[in-house]
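Trainee: These are the residues of each chain, in order.
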Amino acid sequence: MILDSKIPEGPLAEKWDKHKFNVKLVNPANKRKYDVIVVGTGLAGASAAASLAELGYNVKAFTYHDSPRRAHSIAAQGGINAAKNYQNDGDSVFRLFYDTIKGGDYRAREANVYRLAQVSVNIIDQCVAQGVPFAREYGGLLANRSFGGAQVSRTFYARGQTGQQLLLGAYSALSRQVAYGKVKLYTRSEMLDVVVVDGKARGIITRNLIDGKIEQHSAHAVVLATGGYGNVFYLSTNAMYCNATAAWRAHKKGAYFANPCFTQIHPTCIPVSGDYQSKLTLMSESLRNDGRVWVPATKEMAERLRAGQIRVQDIPEEERDYFLERKYPAFGNLVPRDVASRNAKQMCDEGRGVGSTGLAVYLDFADIIKRTGADSVAQKYGNLFDMYAKITGENPYEQPMRIYPAVHYTMGGLWVDYNLQTSVPGLYATGECNFSDHGANRLGASALMQGLADGYFVIPYTIGDYLANTPPTPVTTQHPAFAEAEADVRARIQKFLSINGTRTPDDFHKHLGHLMWEYCGMARNAKGLTFAKAEIQKLRKEFWSDLKLVGTNEELNQALEKAGRVADFLELGELMVDDALARNESCGGHFREEYATEEGEAKRNDDEFAYVAAWQYAGDNQPEILNKEPLEFENVKLTQRSYK
Amino acid sequence: MAGSNPNAKPMNLTLKVWRQKNRTAQGQIVDYQVKDISPEMSFLEMLDVLNEDLLRRGDDPVAFDHDCREGICGSCNLFINGRAHGPEAGTTTCQLHMRKFSDGDTIVIEPWRANAFPVNKDLSVDRSAFDRIIQAGGYVSINTGGAPDGNEIPIPKDIADRAFEAATCIGCGACVAACKNASAMLFVSAKVSQLALLPQGHVERKTRVENMVAQMDIEGFGACTNIGSCAAECPVGISLENIAMLNREFLVAKATSNNLS
Numbered sequence: 001m002i003l004d005s006k007i008p009e010g011p012l013a014e015k016w017d018k019h020k021f022n023v024k025l026v027n028p029a030n031k032r033k034y035d036v037i038v039v040g041t042g043l044a045g046a047s048a049a050a051s052l053a054e055l056g057y058n059v060k061a062f063t064y065h066d067s068p069r070r071a072h073s074i075a076a077q078g079g080i081n082a083a084k085n086y087q088n089d090g091d092s093v094f095r096l097f098y099d100t101i102k103g104g105d106y107r108a109r110e111a112n113v114y115r116l117a118q119v120s121v122n123i124i125d126q127c128v129a130q131g132v133p134f135a136r137e138y139g140g141l142l143a144n145r146s147f148g149g150a151q152v153s154r155t156f157y158a159r160g161q162t163g164q165q166l167l168l169g170a171y172s173a174l175s176r177q178v179a180y181g182k183v184k185l186y187t188r189s190e191m192l193d194v195v196v197v198d199g200k201a202r203g204i205i206t207r208n209l210i211d212g213k214i215e216q217h218s219a220h221a222v223v224l225a226t227g228g229y230g231n232v233f234y235l236s237t238n239a240m241y242c243n244a245t246a247a248w249r250a251h252k253k254g255a256y257f258a259n260p261c262f263t264q265i266h267p268t269c270i271p272v273s274g275d276y277q278s279k280l281t282l283m284s285e286s287l288r289n290d291g292r293v294w295v296p297a298t299k300e301m302a303e304r305l306r307a308g309q310i311r312v313q314d315i316p317e318e319e320r321d322y323f324l325e326r327k328y329p330a331f332g333n334l335v336p337r338d339v340a341s342r343n344a345k346q347m348c349d350e351g352r353g354v355g356s357t358g359l360a361v362y363l364d365f366a367d368i369i370k371r372t373g374a375d376s377v378a379q380k381y382g383n384l385f386d387m388y389a390k391i392t393g394e395n396p397y398e399q400p401m402r403i404y405p406a407v408h409y410t411m412g413g414l415w416v417d418y419n420l421q422t423s424v425p426g427l428y429a430t431g432e433c434n435f436s437d438h439g440a441n442r443l444g445a446s447a448l449m450q451g452l453a454d455g456y457f458v459i460p461y462t463i464g465d466y467l468a469n470t471p472p473t474p475v476t477t478q479h480p481a482f483a484e485a486e487a488d489v490r491a492r493i494q495k496f497l498s499i500n501g502t503r504t505p506d507d508f509h510k511h512l513g514h515l516m517w518e519y520c521g522m523a524r525n526a527k528g529l530t531f532a533k534a535e536i537q538k539l540r541k542e543f544w545s546d547l548k549l550v551g552t553n554e555e556l557n558q559a560l561e562k563a564g565r566v567a568d569f570l571e572l573g574e575l576m577v578d579d580a581l582a583r584n585e586s587c588g589g590h591f592r593e594e595y596a597t598e599e600g601e602a603k604r605n606d607d608e609f610a611y612v613a614a615w616q617y618a619g620d621n622q623p624e625i626l627n628k629e630p631l632e633f634e635n636v637k638l639t640q641r642s643y644k
Numbered sequence: 645m646a647g648s649n650p651n652a653k654p655m656n657l658t659l660k661v662w663r664q665k666n667r668t669a670q671g672q673i674v675d676y677q678v679k680d681i682s683p684e685m686s687f688l689e690m691l692d693v694l695n696e697d698l699l700r701r702g703d704d705p706v707a708f709d710h711d712c713r714e715g716i717c718g719s720c721n722l723f724i725n726g727r728a729h730g731p732e733a734g735t736t737t738c739q740l741h742m743r744k745f746s747d748g749d750t751i752v753i754e755p756w757r758a759n760a761f762p763v764n765k766d767l768s769v770d771r772s773a774f775d776r777i778i779q780a781g782g783y784v785s786i787n788t789g790g791a792p793d794g795n796e797i798p799i800p801k802d803i804a805d806r807a808f809e810a811a812t813c814i815g816c817g818a819c820v821a822a823c824k825n826a827s828a829m830l831f832v833s834a835k836v837s838q839l840a841l842l843p844q845g846h847v848e849r850k851t852r853v854e855n856m857v858a859q860m861d862i863e864g865f866g867a868c869t870n871i872g873s874c875a876a877e878c879p880v881g882i883s884l885e886n887i888a889m890l891n892r893e894f895l896v897a898k899a900t901s902n903n904l905s
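Taken in order, these protein sequences are the chains called A and B.
Numbering (this note's numbering) for the first sequence: 1 to 644.
Numbering (this note's numbering) for the second sequence: 645 to 905.
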């Protein structure tokens with residue numbers, strides 16, 4: 001298939017308006033003749049399902065959670081960007097567009113990002129009208145704060161729980177349509193395959209997680225809003241259930257997977273404390289506004305600290321290396337996420353890490369506490385300090401926090417055109433699930449913006465263009481493709497249950513996560529990636545011959561659920577490695593050690609790699625085919641990022 | 645491998661866990677021993693250790709609900725030693741850590757107990773009743789696209805803050821589990837208060853409270869007798885004042901609305 005991004009003609013600022021006029025419309029009376037399946041009920045899914053139902057389509061919404069409100073969008077802390085310019089500080093749609101393109105290290109599509117910036121303002125209005133309790137000034141108007149990567153205050157927030165409040169808003173809109181009978185909600189239902197009929201997506205196969213029932217669902221179009229794949233690393237800030245199965249099943253049915261190696265590592269997470277660790281917890285980026293990052297100046301000092309021979313308080317000021325302030329005097333502790341993360345890793349690699357594992361650096365609030373008092377710090381960061389204390393048992397008012405980078409977000413995902421349609425007609429991807437608008441690095445407070453932009457304001461228009469060209473005759477599950485897909489799903493489950501080996505799904509997952517983190521994490525090189533590829537292939541073989549499960553399909557079987565997800569991670573992991581190997585440059589979150597400036601910073605190669613890598617599945621154990629979508633920049637000038 | 649505290653000693657514990665094959669099966673408490681539990685572990689990581697051990701031995705792991713493990717998604721829901729979310733105040737099960745327990749302890753772990761929350765399996769329960777209550781009216785009826793500019797609706801900061809406090813409910817159901825009547829009043833009142841406080845919610849104020857309370861009754865939740873265990877056990881500190889507000893809203897609605905049902 002030829003990659004056609006379907007970017008509309010014309011000047012950047014007019015593309016979306018023109019496109020909205022040019023897309024075909026479905027007559028209001030005909031809308032009720034179309035069924036749309038939406039998989040996932042996070043920000044991107046719930047907003048799409050509610051908006052499509054409001055238009056009159058019959059929506060079936062699926063979530064593997066017990067309630068749509070549990071989706072991981074709920075955990076986003078910081079805020080949501082919008083180019084409102086309420087602060088009169090020079091913000092504009094173009095500035096938000098520019099910041100996002102630059103922050104993404106010039107690996108995103110101009111037209112998509114500009115549209116995102118345009119609709120960002122509508123999102124805030126919509127959410128306010130729903131009753132989302134954003135932070136407000138004393139005059140009653142909406143408050144803003146600044147966030148990393150921007151010089152204007154454009155971030156709207158609801159204390160440290162912005163994701164929760166936005167998701168509950170989308171959930172309320174969805175619930176209203178469920179009550180009206182326009183959305184049929186399927187909870188505890190996991191999508192296990194896409195059904196493709198005559199080259200078009202016509203339905204899905206699901207498994208009811210409570211009783212194991214395998215079901216066929218048909219529709220005129222399918223929207224995947226199933227989130228990112230950060231859990232391929234085992235440890236990440238993602239929720240435990242986050243997985244890539246829906247996207248990966250779609251990939252194997254013909255949807256291209258774009259830029260899989262673009263993953264974001266967040267610098268300020270609570271470090272790993274032991275082998276039993278199940279997930280990592282983010283400490284909001286806002287802490288770097290006042291906290292100072294440091295490690296002991298010498299390896300010897302760090303060793304004595306780790307052995308418990310000295311305490312952190314015993315280290316004199318001149319023996320502390322505030323490495324970000326030293327290396328980046330202009331930005332200091334506020335360098336972007338990828339730069340902060342890589343530097344922390346480097347300190348630990350030099351043997352100067354702290355904590356019992358040596359895989360942590362300090363984030364110290366002593367200065368600000370001395371300057372403004374503990375009360376003032378508590379007002380600003382109280383909930384974060386409490387969370388830290390709860391998890392670590394340490395008091396961050398008295399001793400510095402220990403932090404370490406962790407996987408947080410995946411910029412890669414299913415390739416979509418300007419209409420958010422994948423390479424399979426009738427199959428759409430929204431939110432973190434698609435390869436998105438963030439290029440090689442996402443700016444803070446932009447994930448919520450993109451999920452809601454896609455769901456509330458893009459897909460309701462673009463899906464109509466497809467449906468208007470689709471006959472409104474009912475789609476049933478009679479076509480043999482449904483029975484075939486169901487048989488495949490059943491066979492796979494039976495295979496998992498019949499292996500009867502010795503290693504649990506979690507055991508394989510941890511092993512894979514270790515390989516990914518070590519060789520395809522914060523820093524990558526050809527040698528390590530080649531090694532990881534072979535190891536992943538070995539591990540995958542072992543999985544299919546040594547997996548241990550108990551019980552049956554016909555019950556709540558959480559280990560069986562996990563096995564399916566790990567099986568898919570084991571395939572996606574290899575593609576991430578392939579993608580990282582093929583991209584012989586460093587950009588954003590993708591840092592290839594061979595491609596660095598003399599000062600050790602990421603070095604892009606725009607001549608050869610200003611493209612989207614869209615991988616095409618070519619059959620089991622066959623190398624995937626790399627399709628390239630060239631990125632053309634007509635409105636911004638490509639520059640090397642510098643934070644010195 | 646210990647974390648921040650190299651001197652933390654691993655613990656051996658006895659767990660008494662509710663096991664129930666499915667919704668209709670008879671359940672029972674089963675004893676398990678877990679060894680070498682680090683005080684740095686979270687409670688759910690301790691259960692992960694148990695489950696890995698059970699699975700390796702060919703036994704059925706214990707089913708329980710969880711997801712974000714950051715205290716915000718509201719999935720986790722264990723009744724630990726007779727308390728919703730365990731012994732630590734203002735804490736979800738996933739944020740409870742083993743340093744709150746001692747070597748040799750016996751820990752009793754049960755699912756939420758309420759007629760309106762039937763058991764799926766072991767410690768996992770069905771809380772879809774909460775979704776149906778929200779579907780009965782926990783929203784502002786506006787479609788995508790027609791909203792006025794966000795700053796056209798000024799809201800006094802103290803009102804916005806109070807609405808936010810009510811809106812932070814995570815829907816875990818601890819309030820129901822803690823209540824001797826299995827009442828859902830704290831959950832329902834949090835949503836009713838949030839939308840009654842905000843101007844956006846005023847148009848549907850009366851029908852909302854009537855419909856949500858009616859659905860709460862249909863689902864089989866008990867009545868509120870003002871004991872306050874719900875607020876005491878709520879992991880996010882939803883205040884009892886919300887119930888007072890709900891009662892006031894309900895009374896006004898019943899006395900003045902045209903809805904005669």
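The hints are simulated quantities; they were obtained by calculation from the structure and are not laboratory data.
Watch out, some of these pointers could steer you wrong.
[As the list claims (entries may be wrong)] Distance condition first, Cα-Cα at most 27 Å in a straight line; then the derived DSS-like pairs of lysine-lysine:
id	chain 1	residue 1	chain 2	residue 2
1	A	K628	A	K603
2	B	K850	B	K660
3	B	K665	A	K390
4	B	K665	A	K562
5	A	K562	B	K660
6	A	K562	A	K252
Trainee: Does K660 (chain B) sit within 27 Å of K850 (chain B), going by the straight-line distance between their CA atoms?
Mentor: violated (46 Å)
Trainee: When you check the alpha-carbon spacing of K628 (chain A) and K603 (chain A), does it fall within 27 Å?
Mentor: Since the Cα atoms of K628 (chain A) and K603 (chain A) sit roughly 20 Å apart, the hinted pair holds (cutoff 27 Å).
Trainee: Starting from K562 (chain A), check that the Cα of K252 (chain A) is at most 27 Å away, please.
Mentor: holds (19 Å)
Trainee: Hey, K562 (chain A) versus K660 (chain B), does the alpha-carbon distance stay inside 27 Å?
Mentor: holds (25 Å)
Trainee: Check the hint pairing K665 (chain B) with K390 (chain A) against an upper bound of 27 Å on the C-alpha distance.
Mentor: Not satisfied, since the Cα-Cα distance of roughly 34 Å exceeds 27 Å.
Trainee: If you draw a straight line from the CA of K665 (chain B) to the CA of K562 (chain A), is it 27 Å or shorter?
Mentor: With Cα atoms ~19 Å apart, K665 (chain B) and K562 (chain A) stay inside 27 Å; holds.
In summary, the numbered hints that this structure violates are 2 and 3.
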